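For the protein sequence lines, the chains are H and W, in the order given. To convert, count from 1 in the first sequence and add 5; that's our numbering. To convert, count from 1 in the second sequence and add 109; that's our numbering.
Derived by calculation from the structure, the hints in this document are not laboratory data. None of these values were measured; they are calculated from a predicted model. Any given hint might turn out to be false.
Claimed, not checked - The calculated BS3-like cross-link candidates involving lysine-lysine, where the alpha carbons are at most 27 Å apart (straight line), are: (1) W/K111 x H/K59; (2) W/K247 x W/K193; (3) W/K254 x W/K188; (4) W/K254 x W/K269; (5) W/K116 x H/K59.
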Amino acid sequence: MLVVATVLGGKATVLFTFYPPLTGSPWFYIGLVLVVIGSWIWCVLMLLAMAEWKQVHPGQAVPLAMFATTANAVLWLWTTVGVAIELLFIVIPAAFGWTQSIDVGLTRTLFSWTLHAIVYFWLIPAYIAFYTMAPQLAGGRLYSDLMARISFVAFLIYGLPVGLHHLFMDPEHSTGFKSAQMVLTVLVAVPTLLTVFTVCASMEIAGRLRGGTGLFGWIGALPWKQPLVLATGLSFFMLWFGGFGGLINMSYGMNAMVHNTSWVTAHFHMIFGGSVVIMYFAIAYEIWPKLTGRTAPSLGAQRLQLWSWAIGMMVLSLPWHWLGLNGQWRRVAQFDYSDPTISWWGPWMTICLLGGVILLLSAILFLWNLGSFHMADSARAPIAPTRYALALHPQTAVPVALNGFRLWNILVLVLMTAAYAIPIAQSFIVKPPQAVVHHVDGSK
Amino acid sequence: MKTFGTKAVLVIGATAALAWSVSFIAMPLIQAREEGIDWFTSLCRAAGFSAAPGGQPARQMGSVSLVTWSPSVLERLAKANITKGEEIAADVCAACHNPNGMSADAATMPSLAGQPARALYKQLWDMKNGTRVNEAMKPLMENLKDDEIADVALYYSERKPRNQDFRLERENSKATLRLVTQGDSARALPACQSCHDTAGGGPIDAPNLVGQYPRYMSNQLHAFADGIRRNDMFARMRTIAAKLTPQETDALANYYDGPR
Numbered sequence: 006m007l008v009v010a011t012v013l014g015g016k017a018t019v020l021f022t023f024y025p026p027l028t029g030s031p032w033f034y035i036g037l038v039l040v041v042i043g044s045w046i047w048c049v050l051m052l053l054a055m056a057e058w059k060q061v062h063p064g065q066a067v068p069l070a071m072f073a074t075t076a077n078a079v080l081w082l083w084t085t086v087g088v089a090i091e092l093l094f095i096v097i098p099a100a101f102g103w104t105q106s107i108d109v110g111l112t113r114t115l116f117s118w119t120l121h122a123i124v125y126f127w128l129i130p131a132y133i134a135f136y137t138m139a140p141q142l143a144g145g146r147l148y149s150d151l152m153a154r155i156s157f158v159a160f161l162i163y164g165l166p167v168g169l170h171h172l173f174m175d176p177e178h179s180t181g182f183k184s185a186q187m188v189l190t191v192l193v194a195v196p197t198l199l200t201v202f203t204v205c206a207s208m209e210i211a212g213r214l215r216g217g218t219g220l221f222g223w224i225g226a227l228p229w230k231q232p233l234v235l236a237t238g239l240s241f242f243m244l245w246f247g248g249f250g251g252l253i254n255m256s257y258g259m260n261a262m263v264h265n266t267s268w269v270t271a272h273f274h275m276i277f278g279g280s281v282v283i284m285y286f287a288i289a290y291e292i293w294p295k296l297t298g299r300t301a302p303s304l305g306a307q308r309l310q311l312w313s314w315a316i317g318m319m320v321l322s323l324p325w326h327w328l329g330l331n332g333q334w335r336r337v338a339q340f341d342y343s344d345p346t347i348s349w350w351g352p353w354m355t356i357c358l359l360g361g362v363i364l365l366l367s368a369i370l371f372l373w374n375l376g377s378f379h380m381a382d383s384a385r386a387p388i389a390p391t392r393y394a395l396a397l398h399p400q401t402a403v404p405v406a407l408n409g410f411r412l413w414n415i416l417v418l419v420l421m422t423a424a425y426a427i428p429i430a431q432s433f434i435v436k437p438p439q440a441v442v443h444h445v446d447g448s449k
Numbered sequence: 110m111k112t113f114g115t116k117a118v119l120v121i122g123a124t125a126a127l128a129w130s131v132s133f134i135a136m137p138l139i140q141a142r143e144e145g146i147d148w149f150t151s152l153c154r155a156a157g158f159s160a161a162p163g164g165q166p167a168r169q170m171g172s173v174s175l176v177t178w179s180p181s182v183l184e185r186l187a188k189a190n191i192t193k194g195e196e197i198a199a200d201v202c203a204a205c206h207n208p209n210g211m212s213a214d215a216a217t218m219p220s221l222a223g224q225p226a227r228a229l230y231k232q233l234w235d236m237k238n239g240t241r242v243n244e245a246m247k248p249l250m251e252n253l254k255d256d257e258i259a260d261v262a263l264y265y266s267e268r269k270p271r272n273q274d275f276r277l278e279r280e281n282s283k284a285t286l287r288l289v290t291q292g293d294s295a296r297a298l299p300a301c302q303s304c305h306d307t308a309g310g311g312p313i314d315a316p317n318l319v320g321q322y323p324r325y326m327s328n329q330l331h332a333f334a335d336g337i338r339r340n341d342m343f344a345r346m347r348t349i350a351a352k353l354t355p356q357e358t359d360a361l362a363n364y365y366d367g368p369r
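Take these sequences, add in the hints, and give me the full structure.
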């Protein structure tokens, strides 16, 4: 409520990542801090649930869905620390007018701590669906349970000490730390590649079990009418483009070409709005009947919604990438198309707009689809127990290290210290220049 | 038999060690060799520390243009007086550059006629302040106030330039045309016309090259390439000129001379 009220009241126009020394109403930040604290309660609940399960099932492997969700909770606890420090100790005092200047480099560094892992926090639920739901609904088995656990652990380890790749163009850090975090960022591609391999292999098992033969015949044999299977296919398709763009962004040298352009905006629309959110839709379609005991009146409408979302996202973000490559800058609300230098952007932006309209219609259709569960003609059905995909070779016992997070937390601590201790400490050693706080809410 | 955890720690530790040694040792050592700094400074720089107290050596004064396009400078040019400019030109400039801007010596002096007033203002101001070294011009400019420099810049910008009506497509070697219109991406050379053209998006003080004397232009490009002339902002022209072969430099100078 605090956040929405301050944003709608025009008291918090500081863009999405705050951009100090811009400061909005302190209540905007306090609202956000409360959101974060609230989320910590969920994290603790997940940790307790897993501990309890292990107590009841000594020596057994924690189920994959639980292990992955807890990995995400651990990741969230780690990642929110950066932004919490930034808000509590730097931005909120400035917003209240208690301090008159801000070390912008330090705030950006602390935000970068949060910035990348937060993306993986959003991504992991989609990956959980890839591993535990898609193979089951396709009628197959998960190719490797162990591979899945390694992927989630790798996200936890390499999602965190990589945030400086958002600051490649910032002056406050040396090339050494930027380069080291770039190498760690390369490694975060590993769990994604593992996932693509494992999920494709699981789908191949399903396809062959359904009678698909030949090198590619199994693809056609998959139950594409099943929305979550369809969403997995569309998500993977967009992942190629999004992943390719990500590899360019994370390369220190190539990043310089695209850093301040709309290439970056287009990239995260493609990877998050596309690959990830489409899985959220499909998960909702899958879970809704389980929660409400109602069946969907039309799988066709669900498929139409998923297809239109994927197409809309491609139409929106491909021209946008292209404009970014041609130097269209980001973080602006409008362009002066009467300037002959950029007038040719206009038609491309119109195509982007078309993509946006398709996405809007798709989002409305999503709400309609959820609503249709509750219409009179939708059948009530007994609530079926949720089944997660079984592994091809059931993992009765996993390595001790992969049945908990003790070791991985220690490794995260070591890597975070190596990656961030000096970049943060230098702000206190060299006393960098401070920026005058700029209040956008009209106070002071 | 090592446990999974031990193996994981070894792999993660080894990749981290690789990341750190590439970033903090290998790359700085390569950079030290390429940039001609000593290895210790380079190692410190990669880690974010300054080896020498006081940071980077102070910039050599007089090597870089001091002209800033602030609102007051632009205002001064906008309010320049062309009649005053004509008087000053007759008094101070015309002996060498003639009232019409066509100079007496086409090898050491430029054609001023029709150059943008901002380009002329910048060069005159740089010569006054010594960032463009010219022993003949310096004392003359020192006697002029900034407003008077703006006046005379405006006056010569309004003279009729040489060979303005030539077309890019005229007879010329394809390689030269390519440099003018496309540059050479393999050498990171931008197209000449991306800055030196009325429709270009280059710096606002870029001079007009069309109709410039070929020998003067070739001499200036060589001076940039050799680092003798250093008043170009961000070393733009020094970087570009140093990448051109002598043949290309002469060909470009002839190209912009116009049709013969």
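Enumerated hints in conflict with the structure, sorted upward: No numbers; nothing is violated.
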